[in-house]
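Residues per chain are reported as follows:
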Amino acid sequence: MTKLCTLSEAIAQGVHDGDCVYAAGFTHLIPFAAGHEIIRQGRKNLVLARATPDLIYDQMVAAGCAAKVIYSYMGNPGVGSLRIVRAALESGSVAGEEYSHFGMITRLQAGAAGLPFMPMNQTAATDLERHNPNYRRVTDPYTGVEVVVVPPLIPDVAIIHVQRCDAEGNAQIWGIVGEQKEVAFAARHVIITTEEVVDADVIRSDPNRTLIPGFIVDAVCHVPHCAHPSYTQGYYDRDNVFYLEWDKISESPEAVQQWLQEWVYGLKDHTEYWQKLGAETHRRLQVPEQLAAPVNYGAY
Amino acid sequence: MTYSASELMTVNAARLLRDGDVVFVGVGLPNLACNLARRTHAPDLLMIYEAGVIGARPQRLPLSIGDPTLVTGALAVCSMYEIFALYLQRGNVDVGFLGGAQIDRFGNINATVIGDYAHPKVRLPGSGGSQEIAAWANRCYIITPHQKRRFPEKVDFGTSAGFLGGRTQRDAAGVRGGGPQAVVTDLGVLEPDANGEMILTALHPGATVEQARANTGWDLKIAPQLRTTEPPAESELRILREELDPTGIYLK
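Just so you know, the protein sequences line up as chains W and A, in that order.
Taking the working numbering, the leading residue of the first sequence gets 1, the next gets one more, and so forth.
Taking the working numbering, the leading residue of the second sequence gets 301, the next gets one more, and so forth.
Worth double-checking, as some hints may not be accurate.
Claimed, not checked - If the Cβ cut is set under 10 Å, some of the chain W residues that face chain A in the computed set are:
{"id": "1", "residue": "78"}
{"id": "2", "residue": "81"}
{"id": "3", "residue": "82"}
{"id": "4", "residue": "100"}
{"id": "5", "residue": "120"}
{"id": "6", "residue": "122"}
{"id": "7", "residue": "208"}
{"id": "8", "residue": "252"}
Calculated directly from the structure, the hints in this document are not laboratory data.
Heads up, the beta-carbon is just placed ideally off N, CA and C, and yes, glycines get one too.
Just chain W, same shape as in the assembly (with noise of 0.2 Å):
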């Protein structure tokens, strides 16, 4: 059956103000198109999870869209400051709930096993354990040393980017993996945006590299570009020039309103944000190809 739809399609029926909504990808598969698309939309009092919550949702925050931000590294990656996040959290006008990249990811890890809790050994670092009421330790019941847990993440909505997937929305992802496949498991409904729509023959022919299988996603949006200016490996490079001008931006919160008047209020969907990017850009983040040797399933 197919799952294809528009974006815009996608975000209207998938994305309900006060949703807890992952938009994964660590560095890279960022859906930015997404994000952008939930702005335009104008939804209100989203609870946005992300490890790193990165330009995405520094631009969602500027546009009003979060009620609460659940992280565990708040940077410009590379960059510094995230500063539109950062003042959020600092004026207390956004929530935040903090983790290590180890508690995220392992309340995720938990909520894609669907159990009630994960452990992890102690850090001997407390003072955000004592912060943040949802680290708690229990004993081993093996050896009666203290280990410390976490509670499933379930997001209402995962979105996810990837270089490939059939219509039903079975997905193929290659260079940096993050936490894609364990947010597809663990939320409740799952959008998937795509560089390319394949056959499902073409997604038969290499079975490993599907990370997310179709039957577990709700809907399946062919956008190419999609990551700009987060990247997608081996079609298109990390727009690191647009990361040390996003710093420059959000220095000032009428320079930042004017940009997603240009870039995203402005223009009708991610097709239009990618040609006026213009010529120049396109060039500029093309990758040169280098192709795997190929495997051999055999033909049994």
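Given the coordinates of chain W, work out where chain A should sit on it, guided by the hints.
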């Protein structure tokens, strides 16, 4: 030959790495230090990146920890859960690099808030992976400029554990890693004494004990055998400037 403070720290951090080490690399100076070590005395250094990349051979300077150049030509890629569980928690990482806004007398690190957590003066990025790296890597190294505000007697917030209030306290917590083994600054090197207190064990050429003490927020002890580090060699500087950071993003 003249060199910048960043070059001095990077070269001295690189020299702490041993051939064959499995190292959890961070962006910025740690990334440069690891790549320098691999091109000099540690050709079999195995570089692991937090984004889930094992055995990376970056062909360009990565701006972010998740740059695509880390993946192309790497040995393996795994999920974020796996990098923390199978590699760090299981005890498969020899060396971790850490940074932070504050490092205290016992090597504890603050990367979370300046001031009170609920009402911070400054909100910092937070732990990322550093809480677990500090706990579970066999050895941890810290690279930071030597400034009084960065070296308080006690951190405002304990993001990552050094020796807590002394070595016995870290031992009692039962974490597997050995804790911070050196803090490399632009004045010299601090290493933990028997009690886990960070003391001055080496000065860079031209730096003085007075400078180090004046730029440390606690009563800095001086090791009985205070060493002087070898200045950066021309070959080390050439690799840094010509191969690793030709546009001077991190080394200015």
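Using the nearest Cβ pair, does residue 78 of chain W come within less than 10 Å of chain A? holds (4 Å)
Any CB of chain A closer than 10 Å to the CB of residue 81 of chain W? holds (7 Å)
Residue 252 of chain W as an interface hint toward chain A, with CB separation required under 10 Å: Hint on residue 252 of chain W: violated, closest Cβ of chain A at ~19 Å, above 10 Å.
Hold the hint about residue 120 of chain W up to the distance rule: shortest CB distance to chain A must be less than 10 Å. holds (7 Å)
Interface restraint verdict for residue 208 of chain W against chain A (beta-carbon cut-off 10 Å): violated (13 Å)
Should the hint that residue 100 of chain W touches chain A count as held when the rule is a Cβ pair under 10 Å? holds (4 Å)
Any CB of chain A closer than 10 Å to the CB of residue 122 of chain W? holds (6 Å)
With 10 Å as the cut and Cβ atoms as the points, is residue 82 of chain W at the interface with chain A? holds (7 Å)
Figure legend: structure checked against the earlier numbered hints; hints not met, in rising order: 7, 8.
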